Amino acid sequence: MKKSGPGKYILIAVCVIFVALFLVLPLVFVLVQAFKDGILPYLANIGDYYSLKALGLTLKTMVICLVVNTIIGIIAAWTVTRYQFALKKVLTTFLDIPLSVSPIIAGLLYILTFGRSSVLYPFLSSHNINIVYAVPGIVLVTIFVTLPYISREVIPVLEAKGTDEEEAAALMGAGALTIFRKVTFPHIKWSLLYGAVLCAARAMGEFGAVSIISGHLRGVTNTLPLHIEILYNEFKYAPAFAVSSLLVFLAIVLLIIRNVAELQGKKREKEV
Amino acid sequence: MYVELKNVNKKFGTHEASHDICFGIEKGKLVALLGPSGSGKTTILRMIAGLESPDSGDIIIDGKVVNDVPASRRGIGFVFQSYALFRYMTVFDNIAFGLQVQKKDKKYIRERVMELIRLTGLDGMEKRYPNQLSGGQRQRVAFARALAPSPSLLLLDEPFAAVDAKVRHELRSWLKNMIRQVGITSIFVTHDQDEAVEVADEIIVTNLGRIEQIGSPVEIYQHPATPFVAQFIGNSAVVEDYGRFRGFREVEGLPHAIVRPEYVEAFKQDNEKYRDLIDYAEEGTVEDIAFRGSYLEVKLNVCGATLTTNRSLERRELQKGEKMYVLLYRLYVFDHDRAQLLENEELKGLEIVGG
Ligand SMILES: Nc1ncnc2c1ncn2[C@@H]1O[C@H](COP(=O)(O)OP(=O)(O)O)[C@@H](O)[C@H]1O
Ligand SMILES: [Mg+2]
Chain Y
16 MKKSGPGKYI
26 LIAVCVIFVA
36 LFLVLPLVFV
46 LVQAFKDGIL
56 PYLANIGDYY
66 SLKALGLTLK
76 TMVICLVVNT
86 IIGIIAAWTV
96 TRYQFALKKV
106 LTTFLDIPLS
116 VSPIIAGLLY
126 ILTFGRSSVL
136 YPFLSSHNIN
146 IVYAVPGIVL
156 VTIFVTLPYI
166 SREVIPVLEA
176 KGTDEEEAAA
186 LMGAGALTIF
196 RKVTFPHIKW
206 SLLYGAVLCA
216 ARAMGEFGAV
226 SIISGHLRGV
236 TNTLPLHIEI
246 LYNEFKYAPA
256 FAVSSLLVFL
266 AIVLLIIRNV
276 AELQGKKREK
286 EV
Chain F
6 MYVELKNVNK
16 KFGTHEASHD
26 ICFGIEKGKL
36 VALLGPSGSG
46 KTTILRMIAG
56 LESPDSGDII
66 IDGKVVNDVP
76 ASRRGIGFVF
86 QSYALFRYMT
96 VFDNIAFGLQ
106 VQKKDKKYIR
116 ERVMELIRLT
126 GLDGMEKRYP
136 NQLSGGQRQR
146 VAFARALAPS
156 PSLLLLDEPF
166 AAVDAKVRHE
176 LRSWLKNMIR
186 QVGITSIFVT
196 HDQDEAVEVA
206 DEIIVTNLGR
216 IEQIGSPVEI
226 YQHPATPFVA
236 QFIGNSAVVE
246 DYGRFRGFRE
256 VEGLPHAIVR
266 PEYVEAFKQD
276 NEKYRDLIDY
286 AEEGTVEDIA
296 FRGSYLEVKL
306 NVCGATLTTN
316 RSLERRELQK
326 GEKMYVLLYR
336 LYVFDHDRAQ
346 LLENEELKGL
356 EIVGG
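One line per chain: the protein sequences are Y and F, in this order.
Position one of the first sequence corresponds to residue 16 (my numbering), numbered consecutively onward.
Position one of the second sequence corresponds to residue 6 (my numbering), numbered consecutively onward.
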């Protein structure tokens, strides 16, 4: 390698200081605040009835979101890369909308679509379907907000791979499912996992859209981020930080899963 | 005819990739689709396989119109230009794939795969992944994989394009022998005329989405049906104003002529064997001599035109600038769509060595 001047070290220093100030320090403060009174009060704060309810709702939302978006993401990626059709550009643009639109707007859109002022409302209420200010609404907006994460990871991989392996398999008489399982899936599994981790992390952390549509019913429609906000607004700092630390831990677990998976993937990639 | 295409047309947008394609292939033949890049060879192959569907016309395999039969039901073996080996499967699994799809029993699959591995000389490679193989080995795996389900038709798209020149020659004769041994009707695509001539029983020449000529390698060499074929095949040079050469009069409406090395004979001025022919020869000057491995390629200036002839290494040495006598046996004269072979009138009726 070329001998590098002081530039390298200056750049490294800039990155490290930036990350330390903007990421590590706040995280450390959260943990310090959470554990300020020791481990028992901490556990009490987390084990609080409403906190556990919020955790349950968050996990439930995340899992549904993950399942739906994985299926939709794979189908969308497949469609966009394997077929030519008139509105393809429009479709890919729409897929990216959740990334560019503020989540608040996503929440409002769903209120408008399913709320009291909507043309659908008479139908929904006569069938006892509650979406707004209820769990289904929370799940729907979260799916909306996290929609692009998986397809965005998978599309470039499918595009780069080309179609000839699939054509070869089809020529040998393989059906669509066999082709996907044995030929396509091995190519996309790491990007799929990566997308899924991003999707899960985002689903757990979503605040804006959920805040609009949830109605903040404690123990019913409160997710972890909403619960934290309520605690904070009530000046219950220690519980707020304790629950925050829970979200941080969940995020860290996801990051670890991702890194391990990536490492495994790289290792296998080298063998293959 | 085992495979037949009848008036097949295919457009991509406004681009005519196949125009009124008609040909038939007999069972057991090894046929080459030969043409420059972009002339529509791959498109024809993909339509036969069912990977593209023609806009109009019929594709008939073994007496049945297969236009509406999906690729997966046509029972065709296909070797892709890029091989398209399954990257995440071992050599064994690659070859076994078609048999597994057919739900053959494990023992049969194992035997069949090992038989193909032996046949293609891949012994000991069965646990490797495609990117642990050389280009030539990958080509063999692709071939074995296509053959494993015992298809009745084998299609190969530029099967040698991705291997380096040294291996290519060896693989060509290997593939030819292998196809003979298996006895399968095969169509392969190539843009390399040497490859087509060396490997195929029959050659279909394509250009701009059309078929220019169908025939045996010898026919195509000796009797090119169109100006394109004449120029594309062999080492051809185009000469204008060919009426200047002895024994040739310009034909009405056919102003251009193609001269191939085989049409030209050059001999030293003191050559005894050709002495009687001096009266029919032109005088030419050696412009350039190039060594081509087993012969010399000699360029001569004759009446202001440059003609090329091939000279055996057994004959006497030449110098640049040397004056020689040059005989022109025949020309291939043409205009846009019309062409004919033109014999040297003065040589007609003479018994000529090499003529
Ligand atoms: N899927 C496609 N979409 C658009 N154009 C295509 C497609 N496939 C082939 N073509 C065009 O058709 C012409 C013939 O292509 P091809 O059959 O691949 O030629 P060859 O194999 O002789 O090089 C080329 O000009 C190519 O650009
Ligand atoms: Mg091609």
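Hints should not be assumed to be uniformly reliable.
Okay, derived cross-link-like pairs now, DSBU-like style, lysine-lysine, Cα gap no bigger than 30 Å in a straight line [unchecked claim]: (1) Lys176(Y) / Lys171(F); (2) Lys108(F) / Lys204(Y); (3) Lys132(F) / Lys281(Y); (4) Lys282(Y) / Lys132(F); (5) Lys69(F) / Lys132(F).
No lab work stands behind these hints, which were simulated from the structure alone.
Keep in mind the model is a prediction, meaning the values are calculated, not measured.
Structure-based check of each hint:
For the suggested pair lysine 176(Y) and lysine 171(F), the alpha carbons sit about 29 Å apart, so the restraint of at most 30 Å is met. Annotation: proposed proximity of lysine 108(F) to lysine 204(Y) holds, straight-line Cα distance about 26 Å (limit 30 Å). As the CA atoms of lysine 132(F) and lysine 281(Y) are separated by approximately 20 Å, the hinted pair is consistent with the 30 Å bound. Distance restraint check for lysine 282(Y) and lysine 132(F): the Cα-Cα separation of roughly 18 Å lies within the 30 Å cut-off, and the hinted pair is therefore satisfied.
Only pairs whose Cα atoms come within 30 Å are accepted, and lysine 69(F) paired with lysine 132(F) is rejected, the gap being roughly 40 Å.
Going through the hint list in order, the structure does not satisfy hint 5, though it satisfies all others.
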